[in-house]
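Quick note, the sequences are listed as chains A and B, same order. Position one of the first sequence corresponds to residue 1 (this note's numbering), numbered consecutively onward. Position one of the second sequence corresponds to residue 1001 (this note's numbering), numbered consecutively onward.
In short, the hints are calculated from the structure, not lab data. C-beta atoms are modelled at their ideal positions from N, C-alpha and C, and glycine is treated no differently. Don't take every hint at face value.
[As the list claims (entries may be wrong)] On the chain B side, residues computed to face chain A include the following (Cβ under 8 Å):
#1 Lys-1003
#2 Leu-1072
#3 His-1084
#4 Thr-1140
#5 Leu-1145
#6 Ala-1206
#7 Ile-1231
#8 Val-1406
One-letter residues, chain by chain:
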Amino acid sequence: MNKERTLGEILRQQGVSRRGFLKFCATTASLMALPPGMVPTIARALENARRPSVIWLSFQECTGCTESLTRSHAPTIEGLIFDAISLDYHHTLQAAAGSAAEQARESAMKENFGNYLLVVDGSIPLANAGFSTIAGTSNLEILKEVAKGAAAIIAVGTCAAYGGLPHAKPNPTGAVPVSAIISDKPIVNVPGCPPIPVVISGVLTHFLTFGRLPDLDHLGRPLAFYGNNIHDRCYRRPFYERGQFAESFDDEGARKGWCLYKLGCKGPVTYNACATTKWNNGTSFPIESGHGCLGCSEPDFWDMGGFYRALSEPIGLSARTVAGGAIGGAALGAASGLLNRKKKAEALARHEKIGVDELKDGETK
Amino acid sequence: MSKTSLERGLNILREQIDSPTAAFFSSCVHCGLCAQACLFYTETCNPAYIPIRKLEPMRRLWEQEYTLTGKLKKLLGLSRPITHEELEQWQELVYNSCSLCGRCSLVCPAGLDLTYMIRKFREGMAASGHAPEGLIGATTRAVELGSPMGVTLKALEAQAKHVKADSGLDIPFDVEGAEYLVLLSSMEIINYPEYLQAVARIFHQAKKTWTISSEAFEATNSGIQIGVSDIAAELVQRVVDAAEKLRVKTVISPECGHAYTAIRWEGPNLIGRPFGFRVRHILEVLDELREQGLLQVEGVEDARMTFHDPCQLVRRGGVIEAPRNLIRMVARNFVEMKDHGKMNWCCGAGGGVSANEDAAEIRLKAFKRKKKQLERLQVDGLVTACANCRIQIEEGLEENDMDMPVIGLTEMLASHLKDEEAREGGAT
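So here's chain A without its partners, still in its complex pose:
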C-alpha cells in the first residue's frame, strides 16, 4: 500500500462512502464524549492523515487481543482504519518471517524515528529474561529498544496494561506491565481480556485527529471508554435496585434476567464500555448472555477472589488461618481415615455369601 496516500483516499478506494465515513467520525466523537462540533475536525484530520507507522510487539500473551481486533466482525470502518495504518511489524499478521521480519521492524523504526506508534500486547517477564524472547532477544530489551523512538505507546489488553494473567499470583515469571518499565513516553492502557475493538480504533483516531493521546483516568485508561462502570450502564441494573437477584445459574431469577451480583458479577467495580458498545458488532455483552462480569479490564482481576464469589463476601485468607486450617484438617483427616477403615472392616465382617437363591428372593421381589 502506498504510504503517501491519505486515509481519505484509501477509504474511498475501499468503497467507503463519504456518508459512511462521516458516520464513523460522528460515532467516534460521541463515543469519546467530544462535542458534535468536533466531527468536521475529526473528518478533516482523518481525511488528510498520512498513514502512521505502527509497530506491534507481542510478549507474554495469548493472541486473544489480536483475535478480538481482527476477527471481531466482518470488515467495518474500524477494520478499514486498521488497513489504513501502516502496520509494519506484527507477529501474527505480518507475512515476513525470521530475519526479514526483524529487518522490517528495524527499518520502520529508523524511517519514522520519534513518530511511530508502539502497540504492545502481553506482559514482560522480569524473573528470567529467557522466559519469553523474540529472535533470541528478551522482551525487556526489545521493548526498551522500540520504545526509544515511539511517539506514544498503546498497551493493548490487560497483560500489557496491568500484567494480566501472567501477573496473577504467584506470578512465576515475574511478569510486569509496560508502564513498570517505560516511564519517559506517553502510555495509554487499553485493558480488557480482550479489549473492545472500537476502543483501539477510537484511541488511534484520537491520536490521528489531535496529534496527542486522549485524556486518561488514574489507571492510564482513556476516560471516554473507561469512565463508567459496567454496573451503572447495565441493563439489569433495575433488578439490582429492586433487590431481585439470580441465586444460581438455572433458577427462576436467572431465567427472568435478574441481577447477577450474587453470582459473582464484578460489574460494580469494573470500568469498561462493554455495556454500551457491546461485542460482536453490537450483539451483546457477557451479562446479556447470562454470565456475570469477570472484571477483566481491572488490574489483578484474576486474584479478586473467584469469579463466582459475590463482591461483598470476605475474600482472601491469612497465613495463620491457612496454617490452622491445615493442622485441623490433617487431624480430622487422620481421625476420619481410622473411622472409615473400621467401618469398612465391619462391613467386610458382615459379608454373607451371595448365591443364586439369594438373587431370586428378596425385599423387592
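The hints should help you fit chain B onto chain A, whose structure is shown.
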C-alpha cells in the same frame, strides 16, 4: 438371612468402596468428558446416561459414610438416604445403558476408572435385589447348569460330532497333560460352532495338543456381569480346578470379550491366589503360533475388510496388535475404523447388556455409533473376535437394512489354512 435387601446392598457397597474409589469420587471435576466418550450418551443425548452420573447413589453413600462433610450433611438432612426406589431407577443406568466398555475411564482427565466403579456398584445393586431379571436368569443357569444359555455338555458333544463329520478331526475331551485347555462361550457352541472346528483344524496343523474339559467348558462369567463376586469366584474356580486337574500349561479364553477379562484379569483376585497356568486369549495364542511359523495360510482376500475391536480385548485387556498381525496374513484390503484399537467404540451389547431383555431397545440405539463408523468406511465385511459383539452387530445390521458379512477372526484364518496334504507333500 438368605435374601437380598437394601441393607445388604448398602453393606456390600461399604465393602466395595476402597481407596481408589474414594480418590476417584473426590477428584471428579465435573468436566463432562466422559459423556462424549459413552455411546449410550452420544446416541441418545440423554444426560441421564452421562457415565459419572450413573454412579450417583454410590457416590452419595461414599460421601455420607466416609467423608466428614457427607456425615454432617446426612445429620442435617441435606443428603438423602439411599432407597429402594432410587436404586430401582438406577437399574436401567447401571445395567442397561452401560456395557462396561471402559471408554469413559480412558478419556477421564482426572484418571477416574468409571468402569471399575460401575462394576463395584453392580455388586450393591445385585445384593439389594435390583439386578435385571435377564441377568439373574443367566446367572442362575450358569451356576446350576454350567452355562448362562443353558447349554449342556450333551449339546457340546453333539457339536463335536458335527465337527468330526465335517473335518474328520476328533474334539479331545479331558486329555490330561495337554498343552492347551480350550474354553468356549455358549454363544459359540450354539450360534457359531464354526469356531470349534476352526480351533481343531488350526491346532491340528500346528501339531499342538489341546483339550476341552467336560467339567468346565464354559468361559463366560455371569457373576461378573451381574456383579456378584461370590458367584464370579465360584465360576472361575471351576475353570481353575479343571485346568489344574488336567495339568494344562495354558487356558485359552475364546472369542468373547468379558470372558477374557473375567478369567485373566479378575480371576486370580476373585479366588485370592495366582493361577498355576497361563491364561491367553485365542488371538494371542494364534499370534504366538504365527510368530513360531506354526500358522501357515494361503490365499489372500481382496474384499475391503475392517476389524471391530472387542472392548474387553483392547481397552481392558491390551490385545491390540495380535488381531492386526493375523488379519494382514489373509486380507489385502484391511482398513481401520477412525477410532480403532484402544479407542474403539463398543458394539453396545457388552457387559451383560445382551443378556438383559430390558436393554434391547437402548442396545440397538447404541448400535447407531457402530453403524455410522461402518457407513463411513464402506467395507465389504467386518471381522471381530467376540461372539457377543458378533451377535449384536449382526442384529444391528439387520435392523438397519445393512448387508455385510460378519466373521470371527479365528474362523477366517482357519478358512485360509494351507492344505494339509499339499503341505506335507511339499515338505517331503
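Each hint tested on the structure:
Satisfaction of the interface hint for Lys-1003 (chain B) is found here, the shortest Cβ-Cβ separation to chain A being roughly 4 Å, below the 8 Å cut-off. The beta carbon of Leu-1072 (chain B) comes no nearer than 11 Å to any beta carbon in chain A, farther than 8 Å, and the hint placing it at the interface is violated. About 6 Å separates the beta-carbon of His-1084 (chain B) from the nearest beta-carbon of chain A, less than 8 Å, and the hint is met. Interface restraint check: Thr-1140 (chain B) against chain A, minimum CB-CB distance 5 Å, threshold 8 Å, status holds.
Taken as an interface hint, Leu-1145 (chain B) does not check out: its beta carbon lies about 11 Å from the nearest beta carbon of chain A, beyond 8 Å. Because the closest C-beta pair between Ala-1206 (chain B) and chain A is about 40 Å apart, greater than 8 Å, the hint is violated. Given hint, Ile-1231 (chain B) at the interface with chain A, holds; its Cβ is 7 Å from that chain's nearest Cβ, closer than 8 Å. Violation of the interface hint for Val-1406 (chain B) is found here, the shortest Cβ-Cβ separation to chain A being roughly 33 Å, above the 8 Å cut-off.
This entry does not satisfy hints 2, 5, 6, 8, going by the numbered hints stated previously.
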